[in-house]
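> Sequence:
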Amino acid sequence: MSTATSVSIGSQASVWRNRIFTKMYSAYAISSFGDWFDAFAIEILVAFRWRADPLMIALIPVMLALPGILFGSFAGVIADRWKKVNLMMLADAAEALLTISLLFAPGMYWLLPLLALRATMGVFRVPAHQALTRQVVREDQLLKATSYNGLVNQFSKIIGPLLGAVALTVISPQLCILVNAVTRLVSCMLLFTLRHIDQNDQAEKYEKAEKTGSNEGDKPGFISLWKQGWAAIVKTRALYSSFIVNLLIMLIILMVDFQFPTLYREIAPYNESLLGWVLAATGVGAFITILLLNRLGKVSYGLGIGGGAALIGGALGSMGLLTAGSQEIWSIILGFVIGIGNGLCIVTYNYLLQKETPEGKTGRIFGIQNMSTSTLMIGAPLIGGLLIRNMGVSSVFFWLGLVILLIGIISLAMRRVLWPVELQSVQRQEIGEVSG
Numbered sequence: 055m056s057t058a059t060s061v062s063i064g065s066q067a068s069v070w071r072n073r074i075f076t077k078m079y080s081a082y083a084i085s086s087f088g089d090w091f092d093a094f095a096i097e098i099l100v101a102f103r104w105r106a107d108p109l110m111i112a113l114i115p116v117m118l119a120l121p122g123i124l125f126g127s128f129a130g131v132i133a134d135r136w137k138k139v140n141l142m143m144l145a146d147a148a149e150a151l152l153t154i155s156l157l158f159a160p161g162m163y164w165l166l167p168l169l170a171l172r173a174t175m176g177v178f179r180v181p182a183h184q185a186l187t188r189q190v191v192r193e194d195q196l197l198k199a200t201s202y203n204g205l206v207n208q209f210s211k212i213i214g215p216l217l218g219a220v221a222l223t224v225i226s227p228q229l230c231i232l233v234n235a236v237t238r239l240v241s242c243m244l245l246f247t248l249r250h251i252d253q254n255d256q257a258e259k260y261e262k263a264e265k266t267g268s269n270e271g272d273k274p275g276f277i278s279l280w281k282q283g284w285a286a287i288v289k290t291r292a293l294y295s296s297f298i299v300n301l302l303i304m305l306i307i308l309m310v311d312f313q314f315p316t317l318y319r320e321i322a323p324y325n326e327s328l329l330g331w332v333l334a335a336t337g338v339g340a341f342i343t344i345l346l347l348n349r350l351g352k353v354s355y356g357l358g359i360g361g362g363a364a365l366i367g368g369a370l371g372s373m374g375l376l377t378a379g380s381q382e383i384w385s386i387i388l389g390f391v392i393g394i395g396n397g398l399c400i401v402t403y404n405y406l407l408q409k410e411t412p413e414g415k416t417g418r419i420f421g422i423q424n425m426s427t428s429t430l431m432i433g434a435p436l437i438g439g440l441l442i443r444n445m446g447v448s449s450v451f452f453w454l455g456l457v458i459l460l461i462g463i464i465s466l467a468m469r470r471v472l473w474p475v476e477l478q479s480v481q482r483q484e485i486g487e488v489s490g
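Basically this note's numbering = 1-based index in the sequence shown + 54.
Hints listed in this document are in silico derivations from the structure and should not be mistaken for laboratory results. Take the hints with a grain of salt, since some may be wrong.
Claimed, not checked - Mimicking EDC-like on lysine to aspartate or glutamate, the simulated pairs with C-alpha atoms at most 20 Å apart in a straight line are:
no., residue 1, residue 2
1, K289, E410
2, K409, D89
3, K281, E193
4, K289, D194
5, K77, D89
6, K409, E193
7, K352, D194
8, K352, E193
9, K352, D311
Sequences and hints are given; from them, build the entire structure.
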């Protein structure tokens with residue numbers, strides 16, 4: 055018996071006829087390319103050029119996480135109440151300026167705080183983008199919109215590192231970072247054309263629906279809105295199960311996510327570009343997977359999250375078995391498998407959050423999600439850095455990959471318990487077929 059949450063797409067108009075979504079998508083695509091071009095350049099700069107210690111490298115995700123912990127829930131509330139396009143424009147403009155400032159960082163002690171400031175802007179942009187998508191796209195097109203966003207992110211993950219690897223042979227990492235500043239400015243200009251859209255003001259409708267006082271003019275405060283977001287997660291089994299499983303997976307992945315340069319400094323000490331090929335292979339795997347999900351028009355919560363985790367864990371563990379004598383093709387193949395798992399998890403989880411979240415609370419749910427992930431990023435990378443110091447990078451990749459694999463297998467085995475909404479959907483479909 056199939057357990058899939060389906061979206062009917064055959065007779066509906068294309069999401070690309072939605073002018074607002076198309077411009078949002080274009081801005082997101084351009085900025086995503088800049089992000090991956092930038093991320094690869096920073097990794098090479100820190101690991102290969104500055105030869106930073108694993109613990110110092112582990113501080114990068116910590117700095118990226120601090121803003122999410124401090125402002126994640128607040129940003130989600132702001133995204134539900136303020137004009138979302140304006141919030142996204144402000145974030146893009148600030149990120150462009152902060153990215154330019156990275157060009158003048160002489161070392162890690164300057165780089166880290168600048169990355170933290172730039173990450174603060176992203177904390178506000180992400181929930182605003184997700185909330186606006188929910189408002190401007192019909193419910194039957196949410197999977198399409200979510201998968202298209204995932205596609206462009208993964209395509210950027212392919213092109214960014216590949217072009218970055220080529221560019222680094224002739225220019226410095228600092229100039230590669232400048233590309234991200236330019237893409238942010240272009241994104242900001244595209245969003246500027248949407249500043250007067252009607253959907254930008256729909257948050258006012260949700261505010262009125264959530265008033266808690268008897269006085270018509272009363273509005274719920276920040277704490278009340280924040281509690282409503284958490285209540286929506288706790289009371290919805292699909293949201294709660296996915297939230298817990300995702301946090302467990304992210305906890306382990308974040309221990310090694312920023313240590314790939316450390317691993318490949320041992321596997322390929324004289325081939326900086328191999329890391330770029332691995333990242334690109336990861337993007338290819340995710341791109342193909344998301345494209346297939348988009349064509350299918352349906353996604354199973356359990357299979358997507360559990361199966362994706364199993365693939366990621368198996369491939370990460372196998373990377374821990376590679377040595378300096380291993381053929382480079384194995385790194386690329388394993389990167390491709392990780393990408394398939396990423397594609398399954400990313401689309402399934404983001405679509406689930408969009409689909410199962412009560413209307414008007416999308417910004418808060420994504421804000422809580424970002425805050426929770428950011429909280430993990432404070433401790434997980436440091437734990438990973440300490441483990442690598444004591445056990446070696448290959449051993450850490452192997453054992454942590456094995457744990458993720460087990461989480462994926464358990465999630466697959468218990469998917470009817472963790473995501474009963476899928477079983478209910480199938481039962482309703484079967485009843486309809488019998489009645490017909």
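> State for each hint whether it applies.
Tested hints:
1. A threshold of 20 Å between alpha carbons decides the hint, and for K289 with E410 the separation of about 11 Å falls inside it, so the pair holds.
2. Among the hinted pairs, K409 with D89 is inconsistent with the structure: their alpha-carbon atoms are about 27 Å apart, more than 20 Å.
3. Of the supplied pair hints, the one linking K281 and E193 is violated, its CA atoms being roughly 25 Å apart against a limit of 20 Å.
4. Of the supplied pair hints, the one linking K289 and D194 is violated, its CA atoms being roughly 23 Å apart against a limit of 20 Å.
5. Distance check on the hinted pair: K77 and D89 sit about 18 Å apart at the alpha-carbon level, within 20 Å; holds.
6. Note on K409 and E193: the hinted pairing holds, with a Cα-Cα distance of about 8 Å set against a maximum of 20 Å.
7. Between K352 and D194 the CA atoms are separated by roughly 11 Å; this keeps the pair inside 20 Å, and the hint holds.
8. Between K352 and E193, the direct Cα distance comes to roughly 13 Å. Compliance with the 20 Å bound is thereby established for this hinted pair.
9. Annotation: proposed proximity of K352 to D311 is violated, straight-line Cα distance about 29 Å (limit 20 Å).
In the structure shown, a violation is registered for the earlier hints numbered 2, 3, 4, 9, in ascending order.
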